[in-house]
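Chain by chain, the residues run as shown.
4 protein chains.
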Amino acid sequence: MSIRIIITGGTFDKHYDEIHGSLTFKDSHLPEILTFVRCSVPIEAEVNQLIDSLDMHTSNRLRVLESCRRALEDQVVITHGTDTMVETAAVLGEAGLAKTIVMTGAMVPYIFNNSDAVFNLGCAVTAVQILPHGVYIAMNGRVFNWDKVRKNKALGVFEETGS
Amino acid sequence: MSIRIIITGGTFDKHYDEIHGSLTFKDSHLPEILTFVRCSVPIEAEVNQLIDSLDMHTSNRLRVLESCRRALEDQVVITHGTDTMVETAAVLGEAGLAKTIVMTGAMVPYIFNNSDAVFNLGCAVTAVQILPHGVYIAMNGRVFNWDKVRKNKALGVFEETGS
Amino acid sequence: MSIRIIITGGTFDKHYDEIHGSLTFKDSHLPEILTFVRCSVPIEAEVNQLIDSLDMHTSNRLRVLESCRRALEDQVVITHGTDTMVETAAVLGEAGLAKTIVMTGAMVPYIFNNSDAVFNLGCAVTAVQILPHGVYIAMNGRVFNWDKVRKNKALGVFEETGS
Amino acid sequence: MSIRIIITGGTFDKHYDEIHGSLTFKDSHLPEILTFVRCSVPIEAEVNQLIDSLDMHTSNRLRVLESCRRALEDQVVITHGTDTMVETAAVLGEAGLAKTIVMTGAMVPYIFNNSDAVFNLGCAVTAVQILPHGVYIAMNGRVFNWDKVRKNKALGVFEETGS
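Chains as they are written, first to last, in this note's numbering: chain A, 2 to 164; chain B, 2 to 164; chain C, 2 to 164; chain D, 2 to 164.
For the record, the hints were derived by calculation from the structure and aren't laboratory data.
There could be a bad hint or two in this list.
Under the rule of at most 30 Å between Cα atoms (straight-line distance), these lysine-lysine pairs were calculated in the DSS-like manner [to be verified]:
1) Lys27/A / Lys152/C
2) Lys152/A / Lys27/C
3) Lys100/C / Lys152/C
4) Lys154/A / Lys27/C
5) Lys100/C / Lys154/C
6) Lys27/D / Lys27/B
7) Lys149/B / Lys100/A
8) Lys149/D / Lys100/C
Heads up, incomplete: computed chain D residues facing chain C, CB under 8 Å, no partners named [claimed, not checked]:
9) Phe120
10) Asn121
11) Gly123
12) Asn141
A virtual CB, placed ideally from N, CA and C, is assigned to each residue, including glycine.
Chain A on its own, in the form it takes in the complex (with noise of 0.2 Å):
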């Protein structure tokens, strides 16, 4: 069974401005991260955006809404900003999709030596293709219900909620 991977950027794909020396988007990693840890599950991955997540709008929220409910797939891996990622599951999570959604993102950017990123990935990339339908998150190497989560922004990791 296929994946789709749906990018709408976040930390995780952050590139280097060298010119005015500040991170900003360019073109997503996945691609190449798929190249090289040799999955072989069959993934389709397409560009929704390239925003980081504090600058989205419930418009952009809605786009990746729009995104997974016209997927082929029903494994869906979402790679999004960490700050608002609670809140795009949150509409995921209320749309009720008959599939298996998995957010994830880092906390540090692919590009940097000793990010988060593509463990993360792993963890996603396996969760959707175990878990039932639903939405969740794939962070600090645990999965949460879109609806028992939160970011503790002071520590920079997600805690689950009490129900």
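Following the hints, position chains B, C and D against chain A.
Just chains B, C and D now, with coordinates in the frame of chain A:
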């Protein structure tokens, strides 16, 4: 719930000996990896042995089984050479322990720029928390039951076998 | 003969602050780099300041000059931001110290996968051992006299200027 | 003035063959390295051979000499295995070409995370532009005359020998 990682070496943990220009073993890289991937699941890592799985005898595999039995955790990840991972999985599978055991490894050593090691670790750490008791192999982005998998040595990938 | 490396920060030593998603300073990476490049030349590294060179005032540049004067070594490498490296080079050049001083930096921080930092360090460490007393900039694989160089900010490269 | 880089293999360009779990040769990494280090010096790179220097015979070294003679440039960098770099340097040194020739290599292959390859390349590219005609070895951050150097095989470093 915490996870025990039993380290047995394999390509995952190969070390470059520059004096002799060869790949050998020194220390495990697991502790360093677990730090930068920001895994918040409590993990206990133990070095069981550091061996190329082509050099394993039954006694080596029984040592791994013994470590699994002894573990207080019922979620166990094992890093292992890929060449005879299926053999060790069979020893563990036939023992029928009341634990979820996920084996993983790497086709390219962690110390290389484009290694699958960290991705595979993410896959295994996730699978072990979700799957029911049993023995599994997590490689190439997929999860296989211990008795339905083989390594395709020509292509260097793991495949499902007919039941 | 030993070399003193005077660290002033710049893009070379930028650090990623994952809580705020920004590039800042923490510790210098020089000690770690000098280890893995297997440099057998005796090197003394000191952190003079950790600053973006766009934020430097005359007082900051005079601090660098003072460190050069104070150094027991007559071979000095300075890691510095590229944006105003030429300005600091002028302060040092006009002081006319009886030392060989080579300034270098990086267009992409060391912490990134594809950084020029380590290459530039090799250039500077080599140039400082060969060149006669004077002040130089080593960037983009070239060595420039302090009074015959400028940074082309549009292209992000250093160029020789007419005499 | 442009530089010719003559590639002969050695540890610098080793490639990991994951099917056999061994280090071998495939393509040179020089073109890729020259891109990300932002070297603005015109450089022509040619693959002369891809061989472990322990496997070199006199014919292999004469091939390197021939490439140096044929080069239009009078600034030549040679990437070479470290084990018999001194032997090839002697062949080149005795030929007495009217060129500046700097040999370098790596103790740890470029494909590894903590390789000295890129640092050494920076050293060689810089030395070749400054030094007078002659044959040199640039390793461990130092530059040696071809007839005053040896590789300390126990320690894995290059040292100056008495004249």
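Here is how each hint holds up against the structure:
{"no.": "1", "hint": "Lys27/A / Lys152/C", "result": "24 Å, holds"}
{"no.": "2", "hint": "Lys152/A / Lys27/C", "result": "24 Å, holds"}
{"no.": "3", "hint": "Lys100/C / Lys152/C", "result": "24 Å, holds"}
{"no.": "4", "hint": "Lys154/A / Lys27/C", "result": "20 Å, holds"}
{"no.": "5", "hint": "Lys100/C / Lys154/C", "result": "29 Å, holds"}
{"no.": "6", "hint": "Lys27/D / Lys27/B", "result": "27 Å, holds"}
{"no.": "7", "hint": "Lys149/B / Lys100/A", "result": "26 Å, holds"}
{"no.": "8", "hint": "Lys149/D / Lys100/C", "result": "26 Å, holds"}
{"no.": "9", "hint": "Phe120", "result": "4 Å, holds"}
{"no.": "10", "hint": "Asn121", "result": "6 Å, holds"}
{"no.": "11", "hint": "Gly123", "result": "3 Å, holds"}
{"no.": "12", "hint": "Asn141", "result": "4 Å, holds"}
The earlier numbered hints are all upheld by this structure, with none contradicted.
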